[in-house]
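*Asks:* Here is how the chains run, residue by residue.
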Amino acid sequence: MATPAIEILSLTKDYPLGHWRPGKRRSLDNLSLEVQDGEVFGFLGPNGAGKTTTLKLLMSLIYPTSGTARIRGRSILDVRMHREIGYLPEQPYFYDYLTANELLDYFAQFFGYSAAERRERVARFLEEVGMTQAANVQLRKFSKGMLQRVGIAQAILHDPQVVFLDEPMSGLDPIGRREVRDIILGLKRSGRTVFFSTHVLSDAEMLCDRVGVLVAGKLQGVGAPSEIMSLEVKGMEILADLPAGRELPAPLAAHATAAGQRYRLQVPEADLYAAFDQLRAAGAKILSVTPLRPTLEDYFMRLVENQKAASHAIEVSVR
Amino acid sequence: MIGNIRIVAVNTFREAVRDRVLYNLIFFALLMIGAAIIVGQISIGIERLVIINLGLTAISLFGLGMAIFIGVGLVFKEMDRRTLYTVLAKPIRRWEFLVGKFGGLLLTLAVNTFLMTLGLAAALWYVDRKLSPADANVLTAIYFILLEFALVTALALFFSCFSSPMLSTVFTIGIFITGTFSRDIRDFGALTRSPAMIAFTRAVYYLLPNFHNFNAIAAAGHGDAIPASLVAANSLYAVLYVAVVLLAASAVFAGRNLK
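In the order they appear, the protein sequences are chains A and B.
All residue numbers for the first sequence refer to the numbering used here, where the first residue is 47 and numbers rise by one.
All residue numbers for the second sequence refer to the numbering used here, where the first residue is 69 and numbers rise by one.
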């Protein structure tokens, strides 16, 4: 069996509550996960769920309390692994005295490229993220969105096999978001593995082969967005036109929104045929009937609500 | 390994230059010009002594200020601003990054000192219209000052791996002052005749860097020869001490969880 691109094995991270306060706060709880080569994996969760902690652990910026992880078969503590990965931190900040050109050239040097190769790569990747015009501007003058684009460029500058992006759409306008989506899809087309965290569910639905949902440090589920969305049918949506002067029967009116004589009704699946009968009796013309499936957002919110109900916080006391 | 250290060092040097750190040279130049003109008018055959003392003291103080105040922020600033995240995601070890930062600041100090040395030489030329062979001692004194900078930078860097710039500054200045007077402290301990005090002051003398040995300003001013054995001993001492401090800093930094 092929080695997974990312293999996370029971990764746990506790933080002390404070210098003088005994006890620990568990930020990540026994996370195990595999991401296969060439997959685009979305890591979803609300703020404070442990997404950034996971990425920082994988980059060895922080160290696990227990557990380990491997990237392309190498331990995360093996510096050679860093040749094969790219990383965009959340809200990246760079040396503001450098220009975009200089920053990327600085990073490219760690991969041993010649000066000519670096020039070519820097120009190519700045173009890819739409920053050619600002190549010689100092980063102190960049907006948040521009920094995000430079951050993406530095993450993919050396053609890494696995790319980690922490909230890559953050701070970007709609055009920027689309460009980042295109970059991620481009990486996927070229066989790269992309692991990105986000709380923008539509992005995950659009881009990901699979998603993992993290709430309060615990992985709640992993699956294809389509699997999660097709779990159940929540109800049926009926679009119908009523003749002028006619009104919707009272039992249906409670489920409807109207725009002139056009009505949009949401009814439970079991009540569908009863609703048809009532609409027919009112002389309505049925335009469409669509099953209502839960979106990733519904799934996500349900998990968050369940988690809140079960526990307000995960805290491990050492007292 | 060396490649990564060099890359970080060059970038650190570039940061210092762009942060206008070398602007201190303007103040040094003004000081030297003013001193040369005034000394040339009022002194009675001790122009060289005054200029050498003043110049070397200024080189030392300007450089120490840079070594401490930039040194304590070298790693802390990178952690605080999170610029470190993207760097450490590249194929570079933490200790390489640390040594690179050290090398970058030392390079900055060396360039700064070199330019100040030119200024001092110009002032000496102005007051005496010649440079004598005894001025080679001035270069030796400057070399000792550079060794002192290396020690102070390493200490500042070490503290910046685990404490705030404010505390690191206090610690570094404290060690510098104690290290400058460590011989006096040891002698004072001997005078007390208390075994505990003698042991304590001896420990201070041997553990803290002995900055007193690096001060050759008076000898250079008077044109006294600085023995080659002292040059060799100071060089070895500085290299070993810096290596130990950087090793300790690397050990602390390697285990740190970045916020």
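Among the clues, some could well be false.
[To be verified] In silico EDC-like links for lysine to aspartate or glutamate, alpha-carbon gap of 20 Å or less:
| id | chain 1 | residue 1 | chain 2 | residue 2 |
| --- | --- | --- | --- | --- |
| 1 | A | 190 | B | 148 |
| 2 | A | 187 | B | 146 |
| 3 | B | 145 | A | 142 |
| 4 | B | 327 | A | 136 |
| 5 | B | 327 | A | 60 |
| 6 | B | 327 | A | 75 |
| 7 | A | 354 | A | 151 |
| 8 | A | 187 | A | 142 |
| 9 | B | 145 | A | 344 |
| 10 | A | 190 | B | 146 |
| 11 | A | 234 | A | 80 |
| 12 | A | 264 | A | 53 |
| 13 | A | 187 | A | 151 |
[Unchecked claim] Here are the computed distance ranges between Cβ atoms for each label pair:
| id | chain 1 | residue 1 | chain 2 | residue 2 | range |
| --- | --- | --- | --- | --- | --- |
| 14 | B | 178 | A | 248 | 51 to 59 Å |
| 15 | B | 238 | A | 70 | 26 to 34 Å |
| 16 | A | 124 | B | 312 | 26 to 34 Å |
| 17 | B | 308 | A | 82 | 25 to 33 Å |
| 18 | B | 320 | A | 66 | 44 to 52 Å |
[What the hints assert, rightly or not] Simulated coverage check for chain B against chain A, where a stretch passes if three residues somewhere in it have a Cβ under 8 Å from a Cβ of chain A:
| id | region |
| --- | --- |
| 19 | 154-162 |
| 20 | 276-285 |
FYI, nobody ran anything at the bench for these hints, they're computed from the structure.
Cβ coordinates follow ideal geometry from the N, Cα and C atoms, glycine included.
*Asks:* All the hints need checking, so say for each whether the structure fits it.
*Replies:* Quick rundown of the hints versus the structure:
no., hint, verdict
1, A/190 <-> B/148, "holds (18 Å)"
2, A/187 <-> B/146, "holds (19 Å)"
3, B/145 <-> A/142, "holds (12 Å)"
4, B/327 <-> A/136, "holds (13 Å)"
5, B/327 <-> A/60, "holds (13 Å)"
6, B/327 <-> A/75, "holds (19 Å)"
7, A/354 <-> A/151, "violated (46 Å)"
8, A/187 <-> A/142, "holds (8 Å)"
9, B/145 <-> A/344, "violated (42 Å)"
10, A/190 <-> B/146, "holds (19 Å)"
11, A/234 <-> A/80, "holds (17 Å)"
12, A/264 <-> A/53, "holds (16 Å)"
13, A/187 <-> A/151, "holds (19 Å)"
14, B/178 <-> A/248: 51 to 59 Å, "holds (55 Å)"
15, B/238 <-> A/70: 26 to 34 Å, "holds (31 Å)"
16, A/124 <-> B/312: 26 to 34 Å, "holds (27 Å)"
17, B/308 <-> A/82: 25 to 33 Å, "violated (51 Å)"
18, B/320 <-> A/66: 44 to 52 Å, "violated (21 Å)"
19, 154-162, "holds (count 8)"
20, 276-285, "violated (count 0)"
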